[in-house]
Amino acid sequence: MNIVVLVKQVPGTDNVKMDPVTGVMIRSGKDTIINPLDENALAEAIRIKNSHENVKVTAVSMGPESAMKAIKEAIAMGADGGVLISGRAFAGSDTIATAKAIAAAIRKVGDVDLILCGERATDGETGQTGAMIAYYLGIPVETYVSGVEVKEGGVIVKRTVEGGFERVEIPFPVMATVNKDINEPGFPTLKGKLKAKETAVPVYGPAELGLEPAELGLKGSPTRVVKVFSPKLSRDTIMKKADGTTGPVEEMMKFLAGKEAI
Amino acid sequence: MSTYVNANVEKEQKLSQYKGVLVFGEQKDGKILTVTYELLTRGRKLADDLGCELSCVLLGDEIEGLEEVVKRGADKVFFIKDAVLKNFLPRPYSKAITKLCEELKPEVIVAAATTTGRTVMPLVAAMLETGLTADCTELTIDADTRLLLQTRPAIGGNIMATIKTPDHRPQMATVRPKSAKPAAFDAARTGEVIVKEYEGATFFTPEKFLEYIKDTTQEVSIEEADVIVAGGKGMKNADGFRMVEELARILGAGVGATRDAVELGWTTYPHQIGLSGKTVAPKLYFAFGLSGKIQHLAGMQTSEVVVAVNKDPEAQIFKVADFGIVGDVFEVVPMMIEAFKNLKANA
Numbered sequence: 520m521n522i523v524v525l526v527k528q529v530p531g532t533d534n535v536k537m538d539p540v541t542g543v544m545i546r547s548g549k550d551t552i553i554n555p556l557d558e559n560a561l562a563e564a565i566r567i568k569n570s571h572e573n574v575k576v577t578a579v580s581m582g583p584e585s586a587m588k589a590i591k592e593a594i595a596m597g598a599d600g601g602v603l604i605s606g607r608a609f610a611g612s613d614t615i616a617t618a619k620a621i622a623a624a625i626r627k628v629g630d631v632d633l634i635l636c637g638e639r640a641t642d643g644e645t646g647q648t649g650a651m652i653a654y655y656l657g658i659p660v661e662t663y664v665s666g667v668e669v670k671e672g673g674v675i676v677k678r679t680v681e682g683g684f685e686r687v688e689i690p691f692p693v694m695a696t697v698n699k700d701i702n703e704p705g706f707p708t709l710k711g712k713l714k715a716k717e718t719a720v721p722v723y724g725p726a727e728l729g730l731e732p733a734e735l736g737l738k739g740s741p742t743r744v745v746k747v748f749s750p751k752l753s754r755d756t757i758m759k760k761a762d763g764t765t766g767p768v769e770e771m772m773k774f775l776a777g778k779e780a781i
Numbered sequence: 002m003s004t005y006v007n008a009n010v011e012k013e014q015k016l017s018q019y020k021g022v023l024v025f026g027e028q029k030d031g032k033i034l035t036v037t038y039e040l041l042t043r044g045r046k047l048a049d050d051l052g053c054e055l056s057c058v059l060l061g062d063e064i065e066g067l068e069e070v071v072k073r074g075a076d077k078v079f080f081i082k083d084a085v086l087k088n089f090l091p092r093p094y095s096k097a098i099t100k101l102c103e104e105l106k107p108e109v110i111v112a113a114a115t116t117t118g119r120t121v122m123p124l125v126a127a128m129l130e131t132g133l134t135a136d137c138t139e140l141t142i143d144a145d146t147r148l149l150l151q152t153r154p155a156i157g158g159n160i161m162a163t164i165k166t167p168d169h170r171p172q173m174a175t176v177r178p179k180s181a182k183p184a185a186f187d188a189a190r191t192g193e194v195i196v197k198e199y200e201g202a203t204f205f206t207p208e209k210f211l212e213y214i215k216d217t218t219q220e221v222s223i224e225e226a227d228v229i230v231a232g233g234k235g236m237k238n239a240d241g242f243r244m245v246e247e248l249a250r251i252l253g254a255g256v257g258a259t260r261d262a263v264e265l266g267w268t269t270y271p272h273q274i275g276l277s278g279k280t281v282a283p284k285l286y287f288a289f290g291l292s293g294k295i296q297h298l299a300g301m302q303t304s305e306v307v308v309a310v311n312k313d314p315e316a317q318i319f320k321v322a323d324f325g326i327v328g329d330v331f332e333v334v335p336m337m338i339e340a341f342k343n344l345k346a347n348a
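Just so you know, the protein sequences line up as chains A and B, in that order.
Numbered according to our numbering, the first sequence spans residues 520 to 781.
Numbered according to our numbering, the second sequence spans residues 2 to 348.
Careful: at least some of the hints might be erroneous.
Claimed, not checked - Simulated pairs of lysine to aspartate or glutamate, DMTMM-like, Cα-Cα distance not exceeding 25 Å: (1) B:Lys165 / A:Glu734; (2) B:Lys237 / B:Asp329; (3) B:Lys284 / A:Glu572; (4) A:Lys751 / B:Asp261; (5) B:Lys46 / B:Asp145; (6) A:Lys760 / B:Glu247; (7) B:Lys29 / A:Glu688; (8) B:Lys32 / B:Glu224; (9) B:Lys284 / A:Glu770; (10) B:Lys96 / A:Glu734; (11) B:Lys284 / A:Glu779; (12) A:Lys714 / A:Glu572; (13) A:Lys738 / B:Asp143; (14) B:Lys12 / B:Glu104; (15) B:Lys209 / A:Asp700; (16) A:Lys746 / B:Glu139.
Think of the hints as simulated: they come from the structure by calculation, not from any bench.
Make a model of the complete structure from these sequences and hints.
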């Protein structure tokens with residue numbers, strides 16, 4: 520059984536810069552982490568690997584060359600190998616262009632039964648690429664997955680939806696995007712770290728993936744960022760300073776009563 | 002030069018075939034969900050600005066009250082009917098919607114950023130080879146170009162991005178549930194309800210819906226709560242966060258939390274409010290010890306009345322607060338708890 524886990528390298532802090540002209544995020548290799556929900560996806564893949572025979576886990580990432588760090592970390596946590604999609608031509612890809620490139624890389628991995636990734640990334644927060652990748656691969660997708668039960672020839676997934684859960688049965692191959700309720704991610708092991716060092720990870724550009732430049736990057740992206748700006752937030756705020764007395768709270772109670780909020 | 006002009010004319014002709022606004026309504030157990038009427042509010046405004054029709058598509062087996070969708074603003078309601086559509090399954094839903102879009106050629110499609118909308122819209126966008134913008138807080142029509150301007154909070158901080166889809170149609174966006182008021186009922190409105198029954202191939206899927214399990218672990222669902230008490234990192238630790246829960250209990254309110262508070266394990270994910278959690282719109286929102294990162298604000302700024310307590314007078318949360326107290330939550334919140342206890346005792 521072949522499992523692919525998608526790991527996205529995201530900024531470890533909230534200090535992300537945007538290019539004011541193109542509206543594209545400026546990514547640098549500094550202070551990055553694996554997208555936390557992708558770590559849940561990885562942990563689930565490793566759990567399945569440890570409880571079933573003949574399971575191979577491949578970590579796939581797309582990003583600058585520094586995203587190799589994310590793949591090596593995935594291997595250190597228990598993945599068997601990885602693939603990095605990288606090259607200038609991919610810069611500025613929106614969710615559709617990104618999905619096409621990742622789908623091409625997964626096809627190159629070949630014979631994949633299960634693809635797991637986080638339900639969304641903490642940087643873009645669109646939560647769209649998982650489903651789009653599934654479409655380009657021609658396979659079904661299950662989203663917001665908080666449980667995966669491997670059955671003969673397929674899985675039963677538990678999806679978290681409004682007000683509860685759904686259980687859906689689905690044969691392989693299938694893509695599942697997971698949320699954080701699915702498990703507690705583990706840590707890299709020393710053995711894993713050594714393995715990560717030794718494992719050669721191929722880097723694929725557009726040529727290796729058989730993609731045309733027109734499908735990639737900004738050119739291949741239907742959406743355009745036209746403007747970035749600071750949000751305008753303002754209410755007529757009544758501000759009080761705590762002074763050790765119950766005064767400010769009493770005023771708040773009066774205010775809420777006046778608004779018929781209590 | 003002429004080739005260039007021709008290419009442009011061709012492109013414009015291609016784009017001009019697309020007309021009308023379509024919203025993707027949702028049902029559960031055959032009952033139309035309120036989020037559908039919120040989408041009609043958004044859709045009606047866009048259709049009026051574009052001077053075009055507003056359609057709504059609903060998928061299911063049997064659906065009650067389709068006429069109400071007309072009474073609340075749709076000119077046409079398309080009901081795609083099949084037994085497999087009774088419950089949401091990504092593949093048949095996305096295929097059926099795509100088929101309808103190929104017939105209708107809508108200029109704009111708006112869906113809710115629910116677990117359903119956020120799953121089906123990326124599939125539809127990929128099938129139609131067009132762009133999609135998630136979690137928009139604002140949708141407007143650019144008067145000069147007729148393009149849909151999709152505004153959403155972006156990346157990790159104080160940034161909003163406006164996104165457009167200039168050369169592809171339809172232009173697609175999801176909006177957060179509760180980010181608009183449900184459209185009002187107007188008994189005098191007229192429109193058409195059209196039932197669509199497509200061939201089996203559209204609905205074929207390897208997915209098998211097994212069951213829906215209601216989550217009973219949450220006492221008060223924050224999406225339905227009239228009052229929410231929310232806490233962030235400023236509550237310091239799990240014990241500190243108990244104060245948030247105590248006030249919520251006294252008020253019969255829902256407990257909300259920032260991503261930080263959830264990640265630190267003080268409460269669970271169903272309580273997370275914000276871009277990566279839930280959007281809420283209660284009558285009263287208490288924000289304790291949370292700075293008001295844009296992701297959190299995106300999930301609560303439509304609350305009617307907001308009370309914030311934070312020791313940093315510059316905290317963003319005060320910008321969306323109606324009543325702010327600058328001070329230590331460990332001093333102020335216990336006073337609030339006392340005040341509400343007294344209020345309750347004297348009521």
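Results of checking the hints against the structure:
With a CA separation close to 18 Å, the supplied pair B:Lys165 and A:Glu734 stays within the 25 Å bound. For the proposed pair B:Lys237 and B:Asp329, the alpha carbon gap of about 11 Å is at most 25 Å, so the pair holds. This hinted pair does not check out: B:Lys284 and A:Glu572 have alpha carbons roughly 54 Å apart, beyond 25 Å. The straight-line distance between the Cα atoms of A:Lys751 and B:Asp261 is roughly 24 Å, inside the 25 Å bound, and the hint therefore holds.
Among the hinted pairs, B:Lys46 with B:Asp145 is consistent with the structure: their alpha-carbon atoms are about 17 Å apart, no more than 25 Å. Restraint check for A:Lys760 and B:Glu247: the C-alpha separation of about 23 Å stays at or below 25 Å, so the hint holds. Proposed proximity of B:Lys29 and A:Glu688 is supported: the alpha carbons are some 20 Å apart, at most 25 Å. Note on B:Lys32 and B:Glu224: the hinted pairing holds, with a Cα-Cα distance of about 18 Å set against a maximum of 25 Å.
With a CA separation close to 19 Å, the supplied pair B:Lys284 and A:Glu770 stays within the 25 Å bound. Between B:Lys96 and A:Glu734 the alpha-carbon distance is near 23 Å, which keeps this suggested pair within the 25 Å criterion. Only pairs whose Cα atoms come within 25 Å are accepted, and B:Lys284 paired with A:Glu779 is accepted, the gap being roughly 10 Å. For a cut-off of 25 Å, the pair hint linking A:Lys714 to A:Glu572 stands: about 20 Å separates their Cα positions.
For the proposed pair A:Lys738 and B:Asp143, the alpha carbon gap of about 23 Å is at most 25 Å, so the pair holds. With a C-alpha separation of about 19 Å, the suggested pairing of B:Lys12 with B:Glu104 holds against the 25 Å cut-off. With a C-alpha separation of about 23 Å, the suggested pairing of B:Lys209 with A:Asp700 holds against the 25 Å cut-off. Distance check on the hinted pair: A:Lys746 and B:Glu139 sit about 13 Å apart at the alpha-carbon level, within 25 Å; holds.
The structure fails to meet hint 3 from the earlier list, while all remaining hints are met.
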